[in-house]
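Q: Under our numbering, the first residue of the sequence shown is numbered 920, with each subsequent residue one higher.
Please note: incorrect hints may appear among the correct ones.
Computed beta-carbon distance windows for the label pairs [as the list claims (entries may be wrong)]: (1) D1045 with K966: 32 to 38 Å; (2) D1042 with K966: 30 to 36 Å; (3) G927 with K957: 39 to 45 Å; (4) F946 with E1028: 35 to 41 Å; (5) D1036 with N945: 33 to 39 Å.
Taking lysine to aspartate or glutamate pairs in the DMTMM-like style, the calculated list, with each CA pair at most 25 Å apart, reads [as the list claims (entries may be wrong)]: (6) K1039 with D937; (7) K958 with D937; (8) K1013 with D1045; (9) K1039 with E1016; (10) K1056 with E1033; (11) K1025 with E1046; (12) K1039 with E1024; (13) K1056 with E1046; (14) K1031 with D1045; (15) K1031 with E1016; (16) K1056 with E1032; (17) K1039 with E1026; (18) K1056 with E1024; (19) K1056 with D956; (20) K1013 with E1026.
The set of hints was computed from the structure by calculation and includes no laboratory data. All residues carry an ideal CB built from backbone N, CA and C; glycine is no exception.
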Amino acid sequence: MHLKKYRGIAMHFLNETDKYVIGVYNFGNRYYYFGYDKKSHVTKNFKLVDDDLLKTGITKSTSFPSKYFSPWHNKMQFPTDYLYFFFTPARYAKLIEHIRSRLSEKEWEAYKEEHVDLMKIYDGLDENSNTIILGLKFK
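Construct the entire structure; sequences and hints are all you get.
A: Dropping the structure here:
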């Protein structure tokens, strides 16, 4: 882990594309994610993200999707509009199981209907499965 301390802020990760600078920092014992849009010169900081992979219908996620960002590391390359996260089959299964553990049975059924593509991957996992790559649009 690369740490640089500056006035009480510990920078953990920093990446850059043609359009964005994104990173993770710790301030006041809390982690924040930020995105800087080079065109608009606007920086946005996030503690929580309304992520469509962690919600069903209009129910919002209640925590930052650190399950995605934990495998993200410094100098990982990504195109200008997407962040890519790589999961071993076991980590992907744990991600889906984490989501399921946070939902009621009714919400879980709705989630499966809304995310057929994710469930197809999950249901097809076995010992011969390849690495799963999730692409999240950065906007």
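Q: Are the hints correct? Go through all of them and say.
A: Taking the hints in turn, this is what the structure says about them:
D1045 and K966 have their C-beta atoms about 37 Å apart, which keeps the hinted 32 to 38 Å range intact. Separation of D1042 from K966 is about 33 Å and conforms to the stated range, judged on CB atoms against 30 to 36 Å. At roughly 26 Å, the beta-carbon separation of G927 and K957 lies outside the given 39 to 45 Å, and the hint is violated. A C-beta distance of roughly 39 Å is found between F946 and E1028, which places it inside the suggested range of 35 to 41 Å.
Evaluation of the 33 to 39 Å hint for D1036 and N945 yields a pass: the beta carbon distance comes to about 34 Å. For the proposed pair K1039 and D937, the alpha carbon gap of about 33 Å is over 25 Å, so the pair is violated. With a C-alpha separation of about 10 Å, the suggested pairing of K958 with D937 holds against the 25 Å cut-off. Proximity of K1013 to D1045 is assessed by CA-CA distance (about 13 Å); at most 25 Å being required, the pair is judged to hold.
Proposed proximity of K1039 and E1016 is supported: the alpha carbons are some 14 Å apart, at most 25 Å. With a C-alpha separation of about 18 Å, the suggested pairing of K1056 with E1033 holds against the 25 Å cut-off. Our distance criterion of 25 Å between C-alpha atoms is broken by K1025 and E1046, whose separation comes to about 30 Å. A distance of roughly 19 Å separates the Cα atoms of K1039 and E1024; the hinted pair therefore holds under the 25 Å criterion.
For a cut-off of 25 Å, the pair hint linking K1056 to E1046 is broken: about 29 Å separates their Cα positions. Distance restraint check for K1031 and D1045: the Cα-Cα separation of roughly 19 Å lies within the 25 Å cut-off, and the hinted pair is therefore satisfied. Restraint check for K1031 and E1016: the C-alpha separation of about 12 Å stays at or below 25 Å, so the hint holds. For the given pair, K1056 sits about 21 Å from E1032 by alpha-carbon distance, which is consistent with the 25 Å threshold.
Under the criterion of a C-alpha separation no larger than 25 Å, the hint pairing K1039 with E1026 is consistent with the structure, at around 18 Å. The straight-line distance between the Cα atoms of K1056 and E1024 is roughly 28 Å, outside the 25 Å bound, and the hint therefore fails. For the hint linking K1056 to D956, the alpha-carbon distance of about 14 Å falls within 25 Å, and the restraint holds. Annotation: proposed proximity of K1013 to E1026 holds, straight-line Cα distance about 18 Å (limit 25 Å).
Hints 3, 6, 11, 13, 18 from the earlier list are contradicted by this structure; the remaining hints agree with it.
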